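Student: Sequence:
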Amino acid sequence: MGCCGSKEEVTNPIVSTAREFSNLPPEKAGMVRNNVVGGGGVGGGGRARVHGPPPPMVGRIIKPDLKVYTFSELKSATRNFRPDSVLGEGGFGRVYKGWIDKTTLAPSKVGVGIPVAVKKCSADSAQGLKEWKTEVNFLGKFSHPNLVKLIGYCWEEKELLLVYEHLNKGSLENHLFRKNVDPPSWSTRISIAMDAARGLDFLHTSENTVIYRDFKAANILLDENFGAKLSDFGLARMGPPVDRSHVTTQAVGTYGYAAPEYINTGHLYVRSDVYGFGVVMLELLTGFKAYDLSRPTGQTSLVDWYRPMLSEKSKVKKIIDPRMDEYPPEGINKFAQLILRCLQNDPKNRPPMSEVLIILERISTIRMNPKSSKPSSSKTRRPHSYHPSPTHRLGGGSSPRPRAHTLGL
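If you're matching positions, the sequence shown starts at 1288 in the numbering used here and goes up one per residue.
Everything labelled a hint here was simulated from the structure, so no lab data went into it.
Quick caveat: nothing in here was measured; it's all calculated off a predicted structure.
For each residue, glycine too, the CB sits at the ideal point set by N, CA and C.
Don't take every hint at face value.
[As the list claims (entries may be wrong)] Computed Cβ-Cβ distance ranges for the label pairs, DEER-style:
id	residue 1	residue 2	range
1	Glu1642	Ile1401	43 to 49 angstroms
2	Lys1417	Arg1654	26 to 32 angstroms
3	Asn1495	Lys1635	19 to 25 angstroms
4	Glu1617	Asn1467	28 to 34 angstroms
5	Asp1469	Ile1401	36 to 42 angstroms
6	Lys1436	Lys1621	29 to 35 angstroms
7	Ile1401	Gln1537	50 to 56 angstroms
8	Pro1527	Lys1396	23 to 29 angstroms
9	Ser1651	Lys1605	22 to 28 angstroms
10	Lys1466	Arg1628	30 to 36 angstroms
11	Glu1511	Asn1551	39 to 45 angstroms
12	Met1655	Ile1550	35 to 41 angstroms
[To be verified] Computed cross-link-like contacts, EDC-like style, restricted to lysine to aspartate or glutamate with a CA-CA straight-line distance of at most 16 angstroms:
id	residue 1	residue 2
13	Lys1389	Glu1452
14	Lys1354	Glu1452
15	Lys1466	Asp1608
16	Lys1362	Asp1388
17	Lys1600	Glu1617
18	Lys1436	Asp1371
19	Lys1436	Glu1452
20	Lys1362	Asp1469
21	Lys1456	Asp1469
22	Lys1396	Glu1376
23	Lys1384	Asp1371
24	Lys1602	Asp1469
25	Lys1436	Glu1548
26	Lys1362	Asp1352
27	Lys1420	Asp1388
28	Lys1621	Glu1648
29	Lys1354	Asp1388
30	Lys1384	Asp1469
31	Lys1621	Glu1599
32	Lys1436	Glu1446
33	Lys1635	Glu1648
34	Lys1417	Glu1452
35	Lys1621	Glu1642
36	Lys1384	Glu1452
37	Lys1354	Glu1443
38	Lys1602	Asp1591
39	Lys1635	Glu1548
40	Lys1456	Asp1510
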């Protein structure tokens, strides 16, 4: 991964693990060129455990085939990183919209070729460099229809950039919580949940298990048909060895989504991701953010506030997002039961993502019954805190939307 402008070539292939990558000195890593990266697929991962026909594509582990860009090329693709091309901002970088040629992947004029998302990472911190490496190592070798595709990268002196496919509907977070955005229907919400579950299940069941570690609505991106893909792999890490149940690491992530065992002990399990998935399901059900300091005492954490209500059908009715006009009551109740299982405090009691996916697919087949979907008198008023407040990060502090979300304890 390296200084993109180098004309010299070496025979080192692009590395596929964080350890191998970190061992390359910058002057060597900086010479890796696109023609050395090579393509081709290798079987592995993505074991299907679903009822009915499988998705049209299956996940696989591939040899990295990423385009190496120069910094000047990405300046051209984004019109010199103009402010009006900003798509969003994360904890360690700003994301710009750019354009590239569909065939050559070279920069093109606005509106010509295909749009891309160009993340300009901060190289001023060790964490920023670490997350950049992690993104390249994981997204560079995984291919799955529910993972955002990494197209290329640039490492030129202190300039660290990543080039992704662009998903024009933005994040699930925007569609659930932003003003003046039509809220998704029940069928769209369940479809998004299934897509995200497929992506997470692929990571968990690949030949080398990957723990995503930062599952949240902001990291679920949507295409023009509301197909969902997981993005932002800066905090992902390899799972534990076969003889271990967890890995121990510094707790990083986002308040409201991180599993309790991870926050309290630093023990990270594969099923710590399942907890985060349950939190996003609860957001889909209620239309409330996972964590919001502007809410009254006792309601700051969505899980603490609403989890006690999930076990009773009569209470589930009262917490459904009132913006959903139609939904199948039976499906809603089964959805709530699944959330409750995902939010168990003991990771051993949470279902694996393969099982979560099967249940979601069954729920999606439950027919709508508009007459009993929503009581005519249920024009529920949301408290003043309904519209999103700043996202609060592990380790304290907050950041304005759409800035996110990762800081160690």
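Student: All hints, please: hold or fail.
Tutor: Hint check:
no., hint, in the structure
1, Glu1642 <-> Ile1401: 43 to 49 angstroms, "violated (37 angstroms)"
2, Lys1417 <-> Arg1654: 26 to 32 angstroms, "violated (48 angstroms)"
3, Asn1495 <-> Lys1635: 19 to 25 angstroms, "holds (22 angstroms)"
4, Glu1617 <-> Asn1467: 28 to 34 angstroms, "holds (32 angstroms)"
5, Asp1469 <-> Ile1401: 36 to 42 angstroms, "violated (26 angstroms)"
6, Lys1436 <-> Lys1621: 29 to 35 angstroms, "holds (33 angstroms)"
7, Ile1401 <-> Gln1537: 50 to 56 angstroms, "violated (38 angstroms)"
8, Pro1527 <-> Lys1396: 23 to 29 angstroms, "violated (48 angstroms)"
9, Ser1651 <-> Lys1605: 22 to 28 angstroms, "holds (24 angstroms)"
10, Lys1466 <-> Arg1628: 30 to 36 angstroms, "holds (33 angstroms)"
11, Glu1511 <-> Asn1551: 39 to 45 angstroms, "holds (41 angstroms)"
12, Met1655 <-> Ile1550: 35 to 41 angstroms, "holds (38 angstroms)"
13, Lys1389 <-> Glu1452, "holds (11 angstroms)"
14, Lys1354 <-> Glu1452, "holds (13 angstroms)"
15, Lys1466 <-> Asp1608, "holds (15 angstroms)"
16, Lys1362 <-> Asp1388, "holds (15 angstroms)"
17, Lys1600 <-> Glu1617, "holds (10 angstroms)"
18, Lys1436 <-> Asp1371, "violated (24 angstroms)"
19, Lys1436 <-> Glu1452, "holds (6 angstroms)"
20, Lys1362 <-> Asp1469, "violated (34 angstroms)"
21, Lys1456 <-> Asp1469, "holds (12 angstroms)"
22, Lys1396 <-> Glu1376, "violated (23 angstroms)"
23, Lys1384 <-> Asp1371, "holds (9 angstroms)"
24, Lys1602 <-> Asp1469, "violated (26 angstroms)"
25, Lys1436 <-> Glu1548, "violated (31 angstroms)"
26, Lys1362 <-> Asp1352, "violated (22 angstroms)"
27, Lys1420 <-> Asp1388, "violated (25 angstroms)"
28, Lys1621 <-> Glu1648, "holds (11 angstroms)"
29, Lys1354 <-> Asp1388, "holds (12 angstroms)"
30, Lys1384 <-> Asp1469, "violated (23 angstroms)"
31, Lys1621 <-> Glu1599, "holds (11 angstroms)"
32, Lys1436 <-> Glu1446, "violated (21 angstroms)"
33, Lys1635 <-> Glu1648, "violated (23 angstroms)"
34, Lys1417 <-> Glu1452, "violated (22 angstroms)"
35, Lys1621 <-> Glu1642, "holds (14 angstroms)"
36, Lys1384 <-> Glu1452, "holds (10 angstroms)"
37, Lys1354 <-> Glu1443, "holds (14 angstroms)"
38, Lys1602 <-> Asp1591, "holds (15 angstroms)"
39, Lys1635 <-> Glu1548, "holds (11 angstroms)"
40, Lys1456 <-> Asp1510, "holds (5 angstroms)"
Hint compliance for this structure: hints 1, 2, 5, 7, 8, 18, 20, 22, 24, 25, 26, 27, 30, 32, 33 and 34 are not met, and every other hint is.
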